[in-house]
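Here the structure of chain Y is known, so what remains is to put chain P in place on it, guided by the hints.
In order, the protein sequences belong to chains Y and P. According to our numbering, the first sequence holds residues 4 to 337 in order. According to our numbering, the second sequence holds residues 4 to 337 in order.
Because the hints were derived from the structure by calculation, they are not lab data. Small disclaimer: the values here were computed from a predicted structure and weren't measured. Where is the CB? At the ideal position from N, CA and C, for every residue including glycine. Among these hints, one or two may not hold up.
[Claimed, not checked] In silico lysine to aspartate or glutamate, EDC-like type, Cα no more than 16 Å apart, as pairs:
#, chain 1, residue 1, chain 2, residue 2
1, Y, K44, Y, E32
2, Y, K262, P, E257
3, P, K262, Y, E32
[As the list claims (entries may be wrong)] Some chain P residues flagged as far from chain Y (calculated, every beta-carbon gap over 12 Å):
#, residue
4, A20
5, K115
6, E224
2 protein chains.
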Amino acid sequence: MTIKNRQVLLASRPKGAPAESDFRLVETELRDAEEGEILVKNRFLSLDPYMRGRISESKSYAAGVEIGAVMIGSTVGEVIQSRHPGFAVGDVVVAGLGWQEHGLSTGQGVMKVDASRVPLSAYLGVVGMPGITAWYGLLEIGKPKAGETVVVGAASGPVGSVVGQLAKLAGCRTVGVAGGKAKCDFVTGELGFDACVDHRDPALKDRLREATPDGIDVYFENVGGPLLDLVLARLNTFARIPLCGLVSQYNATEPYGVKNFGALLTNRVSLRGFIISDHMDRWPQALAELGAHVVEGRIKYRESIAKGLESAPAAFIGMLEGKNFGKQLVELAP
Amino acid sequence: MTIKNRQVLLASRPKGAPAESDFRLVETELRDAEEGEILVKNRFLSLDPYMRGRISESKSYAAGVEIGAVMIGSTVGEVIQSRHPGFAVGDVVVAGLGWQEHGLSTGQGVMKVDASRVPLSAYLGVVGMPGITAWYGLLEIGKPKAGETVVVGAASGPVGSVVGQLAKLAGCRTVGVAGGKAKCDFVTGELGFDACVDHRDPALKDRLREATPDGIDVYFENVGGPLLDLVLARLNTFARIPLCGLVSQYNATEPYGVKNFGALLTNRVSLRGFIISDHMDRWPQALAELGAHVVEGRIKYRESIAKGLESAPAAFIGMLEGKNFGKQLVELAP
Chain Y
4 MTIKNRQVLL ASRPKGAPAE SDFRLVETEL RDAEEGEILV KNRFLSLDPY MRGRISESKS
64 YAAGVEIGAV MIGSTVGEVI QSRHPGFAVG DVVVAGLGWQ EHGLSTGQGV MKVDASRVPL
124 SAYLGVVGMP GITAWYGLLE IGKPKAGETV VVGAASGPVG SVVGQLAKLA GCRTVGVAGG
184 KAKCDFVTGE LGFDACVDHR DPALKDRLRE ATPDGIDVYF ENVGGPLLDL VLARLNTFAR
244 IPLCGLVSQY NATEPYGVKN FGALLTNRVS LRGFIISDHM DRWPQALAEL GAHVVEGRIK
304 YRESIAKGLE SAPAAFIGML EGKNFGKQLV ELAP
Chain P
4 MTIKNRQVLL ASRPKGAPAE SDFRLVETEL RDAEEGEILV KNRFLSLDPY MRGRISESKS
64 YAAGVEIGAV MIGSTVGEVI QSRHPGFAVG DVVVAGLGWQ EHGLSTGQGV MKVDASRVPL
124 SAYLGVVGMP GITAWYGLLE IGKPKAGETV VVGAASGPVG SVVGQLAKLA GCRTVGVAGG
184 KAKCDFVTGE LGFDACVDHR DPALKDRLRE ATPDGIDVYF ENVGGPLLDL VLARLNTFAR
244 IPLCGLVSQY NATEPYGVKN FGALLTNRVS LRGFIISDHM DRWPQALAEL GAHVVEGRIK
304 YRESIAKGLE SAPAAFIGML EGKNFGKQLV ELAP
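Same shape as in the complex, but just chain Y (with noise of 0.2 Å):
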């Protein structure tokens, strides 16, 4: 059987925004699985802020994109072909088969979900990688207390909306920061945090000033730039400032300095950067409290849903400038 497939290869490395013509499409014809291997076929495609480093000539967390190979990414999909003893035709996946159509696995990291009771796209998002990293943030770094102020960035986006909601949970004042009336609008009345102010207001200081009154205890930190400032300027003394993303600096060709990173020390405030496939141990139970927290409603979520693999990059770009609003997917198969 020959499967014709259709992948997005990386053309160039962009300096600044990265543009379409970074990117190329391609159909190449796709072998059988061969003996412990699984084909299978995508059915989302999950696109998010880290791959941007991965793309960078600069040093990332984890080894880069070559120029000519298919671009990293998270899937969902189903296993049309299995000569694996761990996989059987029909299985749902969760996999990192990147920007294609199909793909072959040893079945190394490859999870099979269920799709009966949180839908098959979740696994992407609010109970995936984006979901488990702001649980394991807010929780393990930022260790929020009844009372305290929590505040995140990108707050209608996969991390941001969960970690406000499961900071609400915890019985914070929670704070979102997002772009425009329509992001914040949701942030407050879909996903109940307390507040959202609009990083596109010019008078963004004393809009912040007033949704804390306060102060700021926790900073679930994934955006950075002059954001990063004004909230350095509120935290609270043994504030906590969990790192997991810079999204407003993966472009710039010239960083942003922060200016008040004395802050830190006057605050005496604990900072840790992180990325969640550091933390693996930690996701069987992320994922069990994140599914129940879908299931009976407390944590809800929205997807951007790009259609078919060419729309990719587009999708991507957009991510990158805030376009989206909520988790950004490119649908693959219907």
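For chain P alone, coordinates are given in the frame of chain Y:
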């Protein structure tokens, strides 16, 4: 008995570098100790970078000094009157009596010390607040492991010198940063650091790279500014940064913008700001360990001693510019 007492008061709040005119020397008459009090004749006054923060208008970690008040500071001296059951005339004490020749105290925060094994002045340095700051920050936050590389700024000073010697005792490659050849020679020759780089060297970046061939695992941060950015660029995965000072910034009217903040994310760094007065419960253990190291010659130290209270303002101003060499003290009485 009337005692003439000389004091240095804060005359005005400096913007940028302090000037001698920001201080005023006065002579007053001191009353006798009342019931529950002691009167101490101060022998040494400690000058420390943190004092700069206490005379600013901006927020620091502690209350500031009011205009017209005696400058704060740690002192060692001898009890010359006691109406307190816990103290006798002749007791030698560490206290926080400020920039003055004598002081009255209720005994709160006053510690009797044994100056027979360790010189009295050392209780303001290597076995005092700076040494204990080094001990706590390096061991509790830095958590150095044998074979790792530890970098510390202001390496000939009272904190940095102890950090480096403790790091050597822990089996680490130890690299100091100091201002000028004389200090660097002392740091490697006398204190036994593996290397020392001169922060005034125009090729500091290259020198730091050469001195840290295996990257940096622990950066004990007490300096800030451009050095911080150079160090951030050389951090290893899971590096730790105890942050106890930013002396390069204390006189700055515009804060330095930290450009390599993203290295905290890519390397999953733990950074924690701390002030040793939050951790008084650890002093007995720290004092015992540091005292033994000093008595047995494993930790060496150097002092800059200015003579007479009237020399305190100039000595303080010089210390903020790095003109001292070793722990800066003022000898108030022979």
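Quick rundown of the hints versus the structure:
no.: 1; hint: K44/Y <-> E32/Y; verdict: 14 Å, holds
no.: 2; hint: K262/Y <-> E257/P; verdict: 8 Å, holds
no.: 3; hint: K262/P <-> E32/Y; verdict: 46 Å, violated
no.: 4; hint: A20; verdict: 17 Å, holds
no.: 5; hint: K115; verdict: 29 Å, holds
no.: 6; hint: E224; verdict: 8 Å, violated
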